Amino acid sequence: MSFWLTVAGMVTVTFGSRYAGLVRRTELPDFWVRFLHFVPIAVFASLVTPYLEGDLGERGIRIAAASLAALAAWRTRQLWIAIVVGMAVFWLLRIPW
Amino acid sequence: MAAAGRGTAFGRGFWALAPLWLGVIPFGAAYAITARGAGLSLLETQALSVLVFAGSAQFSAVGLFAAGAAGLEIVLTTLLLNVRHLLYGLALGREVDLRRRERPVAAFFLTDEAFGVIAAAKERSFAFVLGVELSLFMMWNLATLAGFLAGAAIPDPTELGVDLVFPLAFLALLVPLVRTRAELAVALASGALAFGLARALPGGLPILLTGIGGSLLGAYLTRGTPPDRTIHADDAAREVA
Chain A
1 MSFWLTVAGM
11 VTVTFGSRYA
21 GLVRRTELPD
31 FWVRFLHFVP
41 IAVFASLVTP
51 YLEGDLGERG
61 IRIAAASLAA
71 LAAWRTRQLW
81 IAIVVGMAVF
91 WLLRIPW
Chain B
1 MAAAGRGTAF
11 GRGFWALAPL
21 WLGVIPFGAA
31 YAITARGAGL
41 SLLETQALSV
51 LVFAGSAQFS
61 AVGLFAAGAA
71 GLEIVLTTLL
81 LNVRHLLYGL
91 ALGREVDLRR
101 RERPVAAFFL
111 TDEAFGVIAA
121 AKERSFAFVL
131 GVELSLFMMW
141 NLATLAGFLA
151 GAAIPDPTEL
161 GVDLVFPLAF
171 LALLVPLVRT
181 RAELAVALAS
191 GALAFGLARA
201 LPGGLPILLT
211 GIGGSLLGAY
221 LTRGTPPDRT
231 IHADDAAREV
241 A
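Note that the protein sequences, when read in sequence, are chains A and B. Quick note on the working numbering: the first sequence kicks off at 1 and runs consecutively. Quick note on the working numbering: the second sequence kicks off at 1 and runs consecutively.
No lab work stands behind these hints, which were simulated from the structure alone. Treat the hints with caution; some may be incorrect.
As the list claims (entries may be wrong) - Across the chosen pairs, the derived CB separations fall in these ranges:
1. A:Thr12 - B:Leu42: 22 to 28 Å
2. A:Thr26 - B:Glu159: 32 to 38 Å
3. B:Leu22 - A:Trp4: 30 to 36 Å
4. B:Pro226 - A:Leu93: 45 to 51 Å
5. A:Leu71 - B:Lys122: 35 to 41 Å
6. B:Gly39 - A:Leu93: 25 to 31 Å
7. B:Ser41 - A:Asp55: 30 to 36 Å
Here the structure is a predicted model, which means the values were calculated and not measured. We put the beta carbon where it would ideally sit given N, CA and C, even for glycine.
Could you put the whole structure together from the sequences, leaning on the hints where they help?
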């Protein structure tokens with residue numbers, strides 16, 4: 001039940017954000033417009049670093065894989081290419097050569 | 001819906017978004033595979049795509065479910081991630097003349113990509129807006145379903161280290177957003193802060209606190225520069241769902 005309660009909350013805040021803008025005619029203060037611009041950057045960054053290490057003690061090769069994935073993301077700007085590069089590097093480095 | 005002709009306003013909207021499907025399909029599939037890995041059922045995974053319909057928020061939510069975060073933390077992180085839609089709604093409300101009963105529908109399906117395509121297009125009717133929005137909705141949900149089913153083919157996700165897809169996906173979403181020094185500073189500071197906080201605090205709290213702290217830092221660093229209120233189609237389309 002807790003799952004569906006959480007979903008209900010997610011729907012409420014998401015729809016609320018989408019709807020509030022459509023019906024309001026006011027402008028946000030400059031500071032908060034700039035704040036909102038940085039939200040995806042701050043949140044996405046915070047979803048990378050705590051999860052990079054993993055639970056299997058493969059920190060080194062996971063960070064190496066992520067570095068090359070970041071390079072691929074920077075060059076191609078394609079999400080799926082970055083993921084494919086990252087996973088391929090990770091699996092290659094895992095093989096006990 | 002797929003038979004939507006190019007001759008109608010709805011059909012023109014539907015096909016105007018179609019080039020973005022290429023980016024939506026792998027993102028939706030990656031979300032579903034991650035959700036499966038987090039222990040969500042097909043119904044739960046699909047329900048998020050139908051009801052919440054916000055890629056980055058769904059992605060972070062399943063990561064937080066897996067980390068055992070509290071429901072309130074997940075809802076607040078969702079709010080933080082999706083409150084930017086306020087800006088799209090404000091811009092759309094100015095540009096498109098919507099009737100009272102059309103507004104909730106247009107609002108429910110509003111995403112970064114849809115806004116980007118509408119902003120770049122010349123048409124401004126409700127039917128066109130709905131065509132654009134539902135084009136993404138349909139493909140996002142098909143990709144979710146396909147990804148979840150494909151996930152069954154992955155024998156032992158934990159052994160294979162499939163959990164690495166989660167930080168990789170967010171890294172790939174983050175990198176194109178970082179173009180200025182202030183943006184780089186916020187990305188680095190947020191990454192370091194979240195890493196530190198995750199060692200001390202449970203569940204989704206580190207992400208929530210970092211999201212607020214990092215955004216405040218960014219707003220502070222860019223004080224004195226007027227914010228860019230005209231959201232460029234290109235930028236919005238790049239910030240995936």
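Cross-check of the supplied hints:
1. A:Thr12 - B:Leu42: 22 to 28 Å: Holds, since threonine 12 (chain A) and leucine 42 (chain B) (Cβ atoms, about 24 Å apart) stay within the stated range.
2. A:Thr26 - B:Glu159: 32 to 38 Å: 53 Å, violated
3. B:Leu22 - A:Trp4: 30 to 36 Å: 33 Å, holds
4. B:Pro226 - A:Leu93: 45 to 51 Å: At roughly 46 Å between Cβ atoms, leucine 93 (chain A) and proline 226 (chain B) fall inside 45 to 51 Å, so the hint holds.
5. A:Leu71 - B:Lys122: 35 to 41 Å: Once the Cβ atoms are compared, 38 Å apart, the range 35 to 41 Å for lysine 122 (chain B) and leucine 71 (chain A) holds.
6. B:Gly39 - A:Leu93: 25 to 31 Å: 28 Å, holds
7. B:Ser41 - A:Asp55: 30 to 36 Å: Taking Cβ atoms as reference, serine 41 (chain B) and aspartate 55 (chain A) lie about 23 Å apart, which means the hint is violated.
Comparing the model with each earlier hint shows violations of hints 2 and 7; every other hint is respected.
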